[in-house]
Amino acid sequence: MSKFLKLTAFMVLAILLLAACNGGGNDNNDSANDSANDPETTEESFGDGEIELVFWEFGNTGYDVLIEEYVAQNPHISINLQNADMNDVHDNLFTSISAGSGAPDIAMVEEAQIERYRNAEDAFHNLFDLGAADVEDNFLDWVFQNGGNADGTFQFGLPTDIGPTVMFYRTDVFEEAGFDSSPEAVNELVNTWEDYEAVAREIYEETGKLMTDAGELVFNARRDQATQQYFNEDDELIIDDHPQIREAYDYVANLFDEGLVGDIPLWTPEWFAGMEEGTYATMLAPAWMQGQIKDNSPEEGIWSITTMPEGAGNWGGSYLTVPSESEHAEEAYNFIEWLTAPEQQLEAFLNYGLFPSSPQVYDMPEFMDYEDEYFGGIATAQVFSEAAQSVIPVYKGRLYYPVDEELKEAIDNMSAGSDPDEEWDAAVSRIERILQR
Amino acid sequence: MKKTKKNNRLTDKKRTAVAAYLFISPFFILFAIFGLFPMLFSFYLSFFRWDGLDPMTFNGLNNFRFIFSDPIFYSSIKNTFLIGLLGTLPQILVSMVIAFALNSTLIRFRNVFRTLIFLPYITSIVAVAIIFGLVFNNQPFGFANYILSLFDVGPIRWGAEYWPVKFAIATMVFWRWVGYNTIIFLAGMQSIPRELYEAAKIDGATIMQQLRLITLPMLKPIVMFVVFTATIGSLQLFTEPLIFLGRGFREEGITVVAYLWRDAFVYNTFGTASAAAIVLFVIIISLTALNLGISSLIGRTKKSKVS
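Residue numbers (the UniProt record's numbering), protein chains in the order written: chain A, 1 to 437; chain B, 1 to 307.
Treat the hints as calculated values from the structure; they're not laboratory data. Among the hints, a few may not be true.
As the list claims (entries may be wrong) - In silico lysine to any residue, SDA-like type, Cα no more than 25 Å apart, as pairs:
hint, chain 1, residue 1, chain 2, residue 2
1, A, LYS209, B, GLY154
2, A, LYS408, B, TRP261
3, A, LYS396, B, GLY154
4, B, LYS220, B, LEU287
5, B, LYS78, A, PRO402
6, A, LYS408, B, TYR162
7, B, LYS78, A, LYS209
8, A, LYS408, B, VAL266
9, A, LYS408, B, ARG247
10, B, LYS78, A, GLN436
Use the sequences and the hints to build the structure in full.
Here is the structure:
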């Protein structure tokens with residue numbers, strides 16, 4: 001008996017320890033990107049209606065609150081909400097549509113991942129058949145179009161949120177370096193990428209602090225501003241044919257070389273922890289990153305927001321799709337139409353900072369008057385909506401993420417001092433081999 | 001009369017046979033669905049180009065031609081063996097020593113230690129990989145780098161450099177499996193009769209001599225088993241590099257299974273993934289044959305010694 005007790009005690013101890021580790025390190029999922037670190041799936045059911053809709057989502061959407069509202073209004077519907085890691089949701093969706101069974105009634109698909117499913121029009125309901133044409137005007141044109149096929153006859157999904165990119169910055173570091181830290185002043189100070197580099201140098205000289213701790217984010221910021229990225233519309237690799245991506249890459253190489261940016265990998269515990277430490281000045285990131293910053297650096301008035309040098313890009317955001325396996329396509333569509341309607345998008349923004357894909361929200365008084373005490377009481381919504389409206393849509397291609405991954409490896413290597421040109425060539429040849437498969 | 005009786009007995013026999021097959025059928029049915037069919041299907045797939053959604057197109061031997069011309073595929077094979085060696089060899093030696101210690105009557109709280117040493121095995125690989133990811137952090141403030149800095153070494157980029165990547169992954173494998181193998185060895189040691197040790201002690205043998213001359217030879221079959229499973233296990237290494245390095249892996253740390261998984265589920269090229277799986281299959285088969293050959297050779301020499 002005592003042996004059994006001891007064993008039980010150890011098991012309990014071990015489980016507690018593991019749970020503690022897990023909970024502390026990795027509850028920081030976000031709406032548009034995530035590491036492969038969190039394999040957990042949570043499942044929650046709402047309502048007790050006869051028609052059950054299974055809904056796969058990822059990230060912190062806060063949709064549970066909205067779903068409760070919906071099932072209260074529509075008692076014949078119940079919704080089973082399953083949340084998992086972003087990559088897992090997409091892999092599982094891919095596997096189930098490839099196998100022809102197991103897909104949910106509603107699947108959330110990330111903006112760049114939607115490319116993976118473009119060849120599979122028969123695996124999804126064409127939302128135009130279900131009435132999507134009527135709500136088309138609710139959304140920003142480029143966002144809506146990206147959720148459809150090239151000639152605009154097939155609509156995979158309705159857009160939920162988007163990720164207009166801005167510059168988050170730490171007022172304390174800017175002040176320490178002797179700058180005015182108001183959003184207007186910083187915007188003027190860091191108006192171009194040249195300014196960004198010059199300011200980085202000055203901050204480093206004055207305070208010894210870095211401009212940002214993740215050079216990768218500088219690359220992403222410039223990548224998302226590019227009008228052409230990795231592929232053209234015929235899915236041919238074009239990173240060597242137009243200068244924008246290479247410029248972004250060389251720009252980061254130069255910052256590494258001067259020691260002005262750090263090389264902390266994104267989504268790691270040390271990266272999250274760095275948000276509070278005040279060892280760097282800026283973070284170039286999409287709107288949905290504000291949740292991460294708030295969670296990790298709770299003190300108000302330290303972080304602020306201004307527009308990105310040389311205009312915004314878009315990183316992330318999602319669509320809600322209805323796989324054709326769904327037997328309740330109509331109900332599923334009605335639900336996603338409701339969920340992506342301007343009123344609900346406003347609520348999702350106010351609750352979880354999901355930035356609306358509907359420009360009608362941008363004119364709503366609650367949205368315009370929304371001032372975020374956390375960011376020094378500025379009207380953050382306006383900064384973001386300005387960014388959102390200036391975004392130029394860009395074609396991403398089916399192998400967007402694998403290509404991005406190889407370039408990130410090159411960036412990681414050159415942060416450790418290897419030659420940027422050699423790393424670029426190595427990455428391009430790795431990418432070419434991926435394309436040959 | 002006699003005849004019918006005999007017939008009855010035969011049908012009885014048959015009936016038991018049917019019942020027996022029925023009893024073992026769940027395994028075979030499940031194996032056929034989840035083991036055999038996917039296996040055969042990937043043989044078939046390895047001759048096709050398939051992105052998982054569009055119809056398959058016949059590709060002849062091009063998938064094999066491609067992976068054999070891909071330097072990263074060779075790296076993945078090399079990595080698998082290097083990490084396997086780094087992870088399993090020390091592990092077998094260490095777990096044998098620990099098992100011997102736990103088996104000896106000199107240690108107090110043996111049950112406590114037995115449980116403790118086995119605990120890593122029941123932890124989730126993902127949790128292990130995340131924690132080791134913190135230990136083997138690229139940054140100077142990572143735990144391993146901090147320890148090294150006390151000796152004026154480093155910082156080492158554990159997630160990117162050739163040997164450090166392998167060392168870090170091998171350490172995870174070591175940590176997780178050493179307890180499992182210890183328990184296997186311990187079970188083997190407990191089946192060795194006490195009298196042998198007592199006789200040895202009376203003859204004045206030291207602990208090292210006991211280990212070398214009694215424990216090791218008597219453990220031979222257990223050692224074979226552990227080497228077998230460890231070899232196959234390390235050839236299938238996947239989760240640790242995935243969590244430690246992320247979905248892109250890196251040439252420095254990609255294993256064969258990681259390579260084929262990435263082809264299938266990141267690049268969605270199921271043809272080359274299946275071709276890589278076939279190559280892995282051939283490697284595992286030949287290694288197992290080699291293992292069997294060696295063990296039967298050892299068995300034979302032992303027999304000839306006895307006679």
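Tested hints:
With a C-alpha separation of about 22 Å, the suggested pairing of LYS209 of chain A with GLY154 of chain B holds against the 25 Å cut-off. Between the alpha carbons of LYS408 of chain A and TRP261 of chain B the distance comes to roughly 20 Å, so the proposed pair stays at or under 25 Å and holds. Note on LYS396 of chain A and GLY154 of chain B: the hinted pairing is violated, with a Cα-Cα distance of about 39 Å set against a maximum of 25 Å. Distance restraint check for LYS220 of chain B and LEU287 of chain B: the Cα-Cα separation of roughly 19 Å lies within the 25 Å cut-off, and the hinted pair is therefore satisfied.
Between LYS78 of chain B and PRO402 of chain A the alpha-carbon distance is near 23 Å, which keeps this suggested pair within the 25 Å criterion. Between LYS408 of chain A and TYR162 of chain B, the direct Cα distance comes to roughly 18 Å. Compliance with the 25 Å bound is thereby established for this hinted pair. For the given pair, LYS78 of chain B sits about 42 Å from LYS209 of chain A by alpha-carbon distance, which is inconsistent with the 25 Å threshold. The hinted pair formed by LYS408 of chain A and VAL266 of chain B meets the criterion: a straight-line CA distance of about 16 Å does not exceed 25 Å.
Of the pairs offered as hints, the one joining LYS408 of chain A and ARG247 of chain B holds, with about 12 Å between alpha carbons and a cut-off of 25 Å not exceeded. At most 25 Å may separate the alpha-carbon atoms for a hinted pair to count; LYS78 of chain B and GLN436 of chain A meet this at roughly 23 Å.
Comparing the model with each numbered hint stated earlier shows that hints 3, 7 do not hold.
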